[in-house]
Structures are given as structure tokens and as C-alpha cells.
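> These are the residues of each chain, in order.
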Amino acid sequence: MGLLSKKDLKLITDPLADDNPITIQVLGICSALAITAELKASIVMSVAVLFVLGVGNVVISLMRNIIPSKIRIIVQLIVVATLVIIVDLVLKAFAYELSKTLSVFVGLIITNCIIMGRFEAFALANGPWKSFLDGIGNSLGYAVILIIVGFFRELLGSGTLLGIKVLGDPIEKTGVYAFGYENNGFMLLAPMALITVGIIIWVQRSRNTSLIEDN
Amino acid sequence: MGLKEKLHNIRGKVSGTKWQTMFGAVHTLFYTPNETTHSGGHIKGADDLKRLMTNVIIPLIPVLIFAMFNVGFQQNIAINGYQEGMSFFSGEFWNFDNFLIGATKLVPLLLVSYVVGLGIEIIFATINNHEVEEGYFVSGMLVPLIIPIDTPLWMLAVAVAFGVVIGKEVFGGTGMNILNPALTIRAFLFFAYPTWMSGDKVWVAGAKERASEIVEGANLDAISGETILGSLAQGKEFAYSTWDMFFGFIPGSVGETSAFLILLGGLYLIFTKVGSWRIMLSAVIGSLVMGLIFNAIVDAGIINETSKFYGLMSTEFWHHLLLGGLAFGVVFMATDPVTGSQTNRGKWIYGFLIGFISILIRVFNPAYPEGVMLAILLMNVFAPTIDHYIVQSNVKRRLKRLKAKTV
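Chains R and P are the protein sequences, given in the same order.
Residue numbering for the first sequence follows the working numbering, starting at 140 and increasing by one per position.
Residue numbering for the second sequence follows the working numbering, starting at 111 and increasing by one per position.
Next up, chain R with everything else stripped away, as it sits in the complex:
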């Protein structure tokens, strides 16, 4: 790969697994719990964060030498807020129903710790290209977890995927419902999102024991 050196590639692949923002850094948990009851909402949220973090990291990186360090948080907030408003308006214009499902959580991307965390930890100290890759990598890592959680919560909670009834119709008793299967309403509640994230963390750490923290 001519475009990406090995070091650059690590910026993208590391956050996908061994340095995942949710399961390892434990950032961005609130949105992971709140909007993952449906797979579609998870995907849209992931795309929104991908956009905000990718562009935001580049903008902050370009400005890193002119931002006075005393007011850097405010500058970062303004950058995120601007990008989030763009996302919010685009959603309202082209996917109104979805923007209602996501409700305040699009606005709350501003407070998503992953974004401020990456600005602080990476974009302020690195060039625009690297910052861009870092932003993409971290938001993809976020997206992977969101989509896994969203997949299981929607499948087990509502019996659908992206709104399609993959398990049959619960009212007309087709598919697996004919055998007495029922949707698990608990999966739609926030505690099960936390437990699902916990199970992902469990699986990940038992596969790669070097991730386990010492007590």
C-alpha cells in the first residue's frame, strides 16, 4: 500500500480491536446504551460520529499551532458543535423519522467523550493526515461495537433487523414464533445494552489476555 505506511495503517486498525474506544478506553458509553435498540439507529449514529470525528480531527489538527492552549477546549467545542449541527440538519432534512428516534443523542455527540478525547490526545499533537486516519479509526472502532450491540438488541428484542422481520411475524405466529418463541423485551431496555457491551469486553479480554488490567 503506497498510500498508507505501516504506521498509518495501525492508526486505523488499532482502535478496531486492541485499543477500541468503547471496550478498552471505555469512552462513549452513553450513546452506546441509548440508541442501540435498533440497528438502523446504530448505523446512522456511527456514520454521524465518523463524519464529526474525521472532519473535526483534521480541523483541529490544522489549527493546532494557532489555538492558545488556555482556550483550546472552547475552540474544540465550537468545532464539534458546528459539525454536529450540520449532521443534525442533514438528518432532519433527509431522514426525519430517524432524527426523531435519535432525538437528543445527535446533539449529544458534542459531549461524546471519544471526540473530545481524540482532539486532546491526538489531533492537537499530530498532522492533519494522521489525525484524519486516527479519527476514522476511532469512529470505526466505535461503529463496530455499536453495530454488534445494535444487531443483537434488535434481533433478540424486536425480532427484526433494519426493520425487516427476519424471525417471522410475532402476531401471525410465523417463522420461529410458531414454535412458541417470544421477543425478549428486556433487550430493548438500557441495562441489557450495558450487559451486551460487558459481554463483548469479556469475550475480547478472554481472547487476548494481555488486555486484562492488573489489580
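Warning: the hint list may mix true and false statements.
Said to hold, decoys possible - Over the 12 Å line for every Cβ pair with chain P, so calculated as not near, a few chain R residues:
#	residue
1	145
2	179
3	186
4	202
5	236
6	242
7	259
8	313
9	320
10	324
11	328
12	331
13	338
14	345
15	347
As the list claims (entries may be wrong) - Computed from the model, here is a short list of chain R residues facing chain P with C-beta under 7 Å:
#	residue
16	321
17	323
18	325
19	334
Note that these hints are calculated values from the structure, not bench results.
Since the structure is predicted, the reported quantities are computational estimates derived from the model, not experimental observations.
Glycine included, every Cβ here is placed at the ideal spot set by N, Cα and C.
Take the given structure of chain R and dock chain P to it, following the hints.
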């Protein structure tokens, strides 16, 4: 060579193989191991965890047998109607047909609960290479007793798997869990499949099945049985006498209906020192206090009959002890030594709040007609905090005494 020696011999043979944990678990259930500790200080006491657990199972057996009769009896009166003069001593209750109906429903629940729960415990013990701890022994017995009789077996299996893995094994197994596993299982069922856990169709065996057959066009009479708490929450009258409630001829979760047998069980637990009398007594006091407060509110005329809380608030305060799962929860669940408070003063606070909050939830939240499950789970979470402050205050008091002495 007796059975005991044979088992001891087999034990020697399997030790070191992967069957060791599984065999050891079954073996020590019946016999204590034939080895003694040679060195180090150890506590002198014949009771290990297994004997302790057995002592909780014993008072549950009469409850289980009574439940089998009651399941059949409830189905019978749901179909044929309630007749005057049916009582604890009447042949209509202690009837082999009733027992058979109950047994065919309850034994599968019991089997699923034990096979799934112990299966998971053995798998975890084999992976982690430690002995099987018998924490699930009591939970496995409690679980079928605290759910509606018609709970589908696969739901129970899913819930047991969840409760044992997420409620217990992730924290490190028996003795490390924060929440009572049996209640975790029930809470999971309650939130996951609410249509199977509440309403008037789930308390009578076969009612739900019948209802769906009627929808499909079968020519049957619908049967249903509302719990007393359910009727009260809707402000309806109920036809049961206080003695019915005390002895338990009422619809409800499988094993929680008979306050009489639960009382005997509680006395047994106190006598064998397995359950804490402090927790039981303070929980009873807590629920009576809350009941009295609600009665006083009604008497003062603050709310009237149009209020949706009137039915439950005006229930006589001591009736609350006989209704729902409160008695069962207080005697068999709140006294769990792992998840409850450890200090004596802590036990008073812990128990009192369980009783108090149970009645509070029961009255104010019709969506959760039985609050004792949530109250115990909530207090399980707070038990370590209560203990911490009790211990700290003891330390402070002693330090003060020490200072006074040295000065």
C-alpha cells in the same frame, strides 16, 4: 465394601482428570470427604456450605409439595367455580388429581432449573479448574417456586442461564455475587417476558394455552385467576377469606401462596441458625410500618375511593404480610447470607428497608404488583454500603474509647 468406600475409591481414580470437579460435586453432596486437614489453623465446625444449603432446602420441600396441590386446586376452581366450605382440611384440596396436575407442571420446571443452572456451574468450574460450589443448590429450588406456573420451559432455561452467568459467574461464582441469583432470574423473566409474568392468565395452569385456543376458535370457556394483589390494584373485590390467604389457597406464583408453611420454614431457618432472625423480623416490622402509614393516610381522608391507590392503601396493614411474595421473599431470599448485610445492626437496617420498600412499590406502582423482588434486589446492592458505615462507626467509637482511656 459399602457404597461410601466405593465412592471414595472412584474419587481417588478420577482425581487429576477433568471429571474431578464434576464427580467431586456429586460425591460430597452425599458424603463428607474422608480426608482431614493436617496443618494450619482451621475453624471447628461440621457444617460446610453444602450442609448449610441442605438446611435451606428442607423447609422448601413442604412448600413445594403444597404448591403441587395448590396448582391443581386453582385450576380446578377456575374451571368448576369456587364452592363454599372449601378449606385447608377439605378433600377437594388434598386430592391426588390436584397433586398430579401440579406435579406434571412443576417437576419439569424444577428439572430445567437444576439441569441448566448446575450444568453452567460445572462448565465454569471445569474451565476455571476449581471445585463446583453449591451456590445453585438453593437457587435452583427457589426459582420454580417464585415464577408463575405456566412459564414456558425455554424461557426459564434462558433466564437461568442469564442469572447464573451474569448474576453470579462473572463476579467469581458462589459467595462473590452482589445480587441474589434466584431473584436475578425472576427479574430477567419479568422484564423480558412481561406477558408471561403478570396479568390474570398466568396464575392458573393452562389458562394462557386455553385463551389462545379460544382465539383460534375452540369451543371452551376461558379460565383465569387474578391474584389478590392484582384485584386490589384495580380496586376490585376478592373472594378469599383471611384463612385462605394464610394457608395459601390463592392464586399466585407457584410457592409463595402459603404464609403458614413459609412461617414454619422461617422458624426452621431461625432454629438451625441458617437464616437471620434479625432480617426476617425487621423486614416484617418494615412492611407493617409502611402498611400502617398507608392506612393512616386513608383514615385521615387524604385519598378517597376514586383514587387508583385506594384499593391497596386501604388494605389492612397486616394483610400485606399474607399477600403476594412478601413472606416468601423475606424468609428465603432476604436472608441469603451472601447478598445480605453481614453486621448485626446492618441486618436491622437492611431488613427494615426491604419490608418498607416492598410495600411502597406494591402500592404505588401497579405495573410491578409485587415489590418484594425489586426491594430485595435494591437492598442487595446497598448491603455492602450499609455494612461499611456500620463498621466505620464501630471503629470510630472504639477509637474514641481508646483515646479516653489513654488520656
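> Does each hint hold? Answer for all of them.
Outcome of the hint check:
1. 145: At roughly 37 Å from the nearest Cβ of chain P, residue 145 of chain R sits farther out than 12 Å, so the non-interface label holds.
2. 179: Consistent with the label, residue 179 of chain R stays out of reach of chain P, its closest Cβ about 23 Å off (over 12 Å).
3. 186: holds (31 Å)
4. 202: holds (45 Å)
5. 236: With a cut-off of 12 Å, residue 236 of chain R remains clear of chain P, as the shortest Cβ separation is near 27 Å.
6. 242: holds (23 Å)
7. 259: holds (33 Å)
8. 313: holds (15 Å)
9. 320: Residue 320 of chain R not clear of chain P: closest Cβ-Cβ about 8 Å, inside 12 Å.
10. 324: The claim breaks: residue 324 of chain R does not keep its Cβ more than 12 Å from every Cβ of chain P (closest is about 5 Å).
11. 328: About 6 Å separates residue 328 of chain R from the closest Cβ of chain P, which leaves it inside 12 Å; violated.
12. 331: Since the minimum Cβ distance to chain P is about 9 Å, residue 331 of chain R lies within 12 Å and the statement is violated.
13. 338: violated (8 Å)
14. 345: Residue 345 of chain R not clear of chain P: closest Cβ-Cβ about 10 Å, inside 12 Å.
15. 347: holds (17 Å)
16. 321: OK, holds: residue 321 of chain R within 7 Å of chain P, min 6 Å.
17. 323: Residue 323 of chain R check passes; min Cβ-Cβ to chain P is 4 Å, inside 7 Å.
18. 325: holds (4 Å)
19. 334: holds (6 Å)
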